[in-house]
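Trainee: Given next are the chains, with one letter for each unit.
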Amino acid sequence: AQSVTQLGSHVSVSEGALILLRCNYSSSVPPYLFWYVQYPNQGLQLLLKYTTGATLVKGINGFEAEFKKSETSFHLTKPSAHMSDAAEYFCAVSASMDSSYKLIFGSGTRLLVRP
Amino acid sequence: EAQVTQNPRYLITVTGKKLTVTCSQNMNHEYMSWYRQDPGLGLRQIYYSMNVEVTDKGDVPEGYKVSRKEKRNFPLILESPSPNQTSLYFCASSLTRVQPQHFGDGTRLSIL
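Chains as they are written, first to last, in the working numbering: chain A, 1 to 115; chain B, 1 to 112.
In short, the hints are calculated from the structure, not lab data. Glycine is no exception: its CB is placed at the ideal position from the N, C-alpha and C atoms. Keep in mind that the hints are not guaranteed to be accurate.
[What the hints assert, rightly or not] If we take Cβ atoms under 7 Å as the criterion, some of the chain B residues that face chain A in the derived model are: (1) Y31; (2) G40; (3) G42; (4) Y48; (5) V52; (6) P61; (7) G63; (8) Y64; (9) L88.
[Claimed, not checked] Pair ranges (Cβ atoms, derived): (10) B:S80 with A:E71: 21 to 31 Å; (11) B:A2 with A:Y39: 43 to 53 Å; (12) B:N73 with A:H10: 10 to 20 Å; (13) A:V29 with B:G63: 46 to 56 Å.
[Claimed, not checked] Covered by chain B, according to a simulated footprint, are these stretches of chain A (three or more residues, beta-carbon under 8 Å): (14) 18-25; (15) 37-46.
Here chain B stands alone, though its shape is the one from the complex (with noise of 0.2 Å):
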């Protein structure tokens, strides 16, 4: 089955913790991109990547990391978590640049 795998789903965890939240697409798919979505302010995109070692930022990348060392893992980091990086994140996965994206069910990280 086609899918994007997003682990964890949930996490709450404390301010300067580092942490990573994995992503894993079994497509094949040359671009991925990671999102985060607030209430009122739809999707964001943080980061995207356009094939293995090419990454790029999105409109909100401050205080993430990302790297694209695998086609299909895609990890997102989070060096020194703050309170204000508390959101639902999602990973999603294309064939290319206007195929439609698969997303992943979702990860919700709290920061205390």
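With the rest of the complex left out, here is chain A (with noise of 0.2 Å):
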């Protein structure tokens, strides 16, 4: 069985600063994993995945995230937030090895960017 922790369901950056938005999964199997964002009023996209190769993974609008299995952790992180970044974050992650379209997300973080 799988499952997300997404600690902090609120994170305020300033913009310009460092965004961390952070992920631990749990996963019998080696795992798929995946950062998605929200914005109000609107659907879920994509942001970054990790399935197997290289372990630090690049997704768009300057996120990228690292998969560390020995720390079972998946941490988001941007150089330099800007107001545009301000939305909900879910974490998600989904077994390797299962046949199926299970899909489990995070509680999600509500990311504000201050000007």
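Please assemble the complex out of the two chains, which come individually in their own frames, going by the hints.
Mentor: This is the structure in structure tokens:
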């Protein structure tokens, strides 16, 4: 079974500061990991994903995440926050060896960017 | 334009009155899924489908039904809605199990 924990339901950063959103997962098999972003009144869109291979994954809008198996983490970072980054961010996990389409989401982190 | 279309976007109804939320995608995707989003709980998967006539339960299937008679459509059916099904619902589709999911804009249901 898989689970996801996102530390911090709300994170506030200043414009230009580093963004760090934390995600820890639990999975009995190698995971597939995803970060999605949700802007107000919209559906989710994929920022980046890890399936296999390179553990540092680059996504859209300058975001990246590093898969750390030893720490069971997949934290999302961006060097310099923009006002447009204010949104809710969701980490998600699925099982790589599972033939189903189950996807488990974390509870989300709402990012506030201060001018 | 590639999209997932949900209807209706908003619905207020009463307990026990059957309703259907439609979902249609124009990308020829095999995989489709329904989620509900509740504050503090993130998104929880209700049902998913991996092909026509192939559906399976997600984490919170109680009180919901789905069908997949055609590849493009994946309706969510609430046979006897109850107030605890008041939520924001999203339909999503993807080409493969690990390809990005394309989400609809959501359907906000209020069950009184």
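Trainee: Any CB of chain A closer than 7 Å to the CB of B:Y64?
Mentor: Constraint on B:Y64 not satisfied, violated at 16 Å.
Trainee: Are B:G63 and chain A close enough, Cβ to Cβ, to be under 7 Å, as the hint says?
Mentor: Cβ of B:G63 sits 19 Å from chain A, so the hint is violated.
Trainee: Between the region 18-25 of chain A and chain B, are there enough contacts, at least three residues with CB-CB distance under 8 Å, for the coverage claim to hold?
Mentor: The restraint on the region 18-25 of chain A is violated, since only 0 of its residues have a Cβ under 8 Å from chain B and three are required.
Trainee: Tell me if B:G42 is really an interface residue toward chain A, meaning its C-beta lies closer than 7 Å to one of theirs.
Mentor: 4 Å, holds
Trainee: Against chain A, is B:L88 within 7 Å by beta-carbon distance?
Mentor: 10 Å, violated
Trainee: Taking the closest Cβ pair, is B:G40 under 7 Å from chain A?
Mentor: 6 Å, holds
Trainee: Under 7 Å, Cβ to Cβ, is where B:Y31 needs to be relative to chain A, so tell me if that hint holds or is violated.
Mentor: Given a least distance of 5 Å, the restraint on B:Y31 holds.
Trainee: Falls inside 10 to 20 Å, the C-beta gap from B:N73 to A:H10?
Mentor: For B:N73 and A:H10 the Cβ distance comes to about 37 Å; the hint is violated.
Trainee: The hint says 21 to 31 Å between B:S80 and A:E71; measuring C-beta to C-beta, is that right?
Mentor: 45 Å, violated
Trainee: Once the shortest beta carbon distance from B:P61 to chain A is found, is it less than 7 Å?
Mentor: Given a least distance of 12 Å, the restraint on B:P61 is violated.
Trainee: Does the Cβ-Cβ separation between B:A2 and A:Y39 fall within 43 to 53 Å?
Mentor: For B:A2 and A:Y39 the Cβ distance comes to about 18 Å; the hint is violated.
Trainee: Against the range 46 to 56 Å, how does the distance between the Cβ atoms of A:V29 and B:G63 compare: consistent or not?
Mentor: 30 Å, violated
Of the numbered hints given earlier, the model fails hints 5, 6, 7, 8, 9, 10, 11, 12, 13, 14; all others are met.
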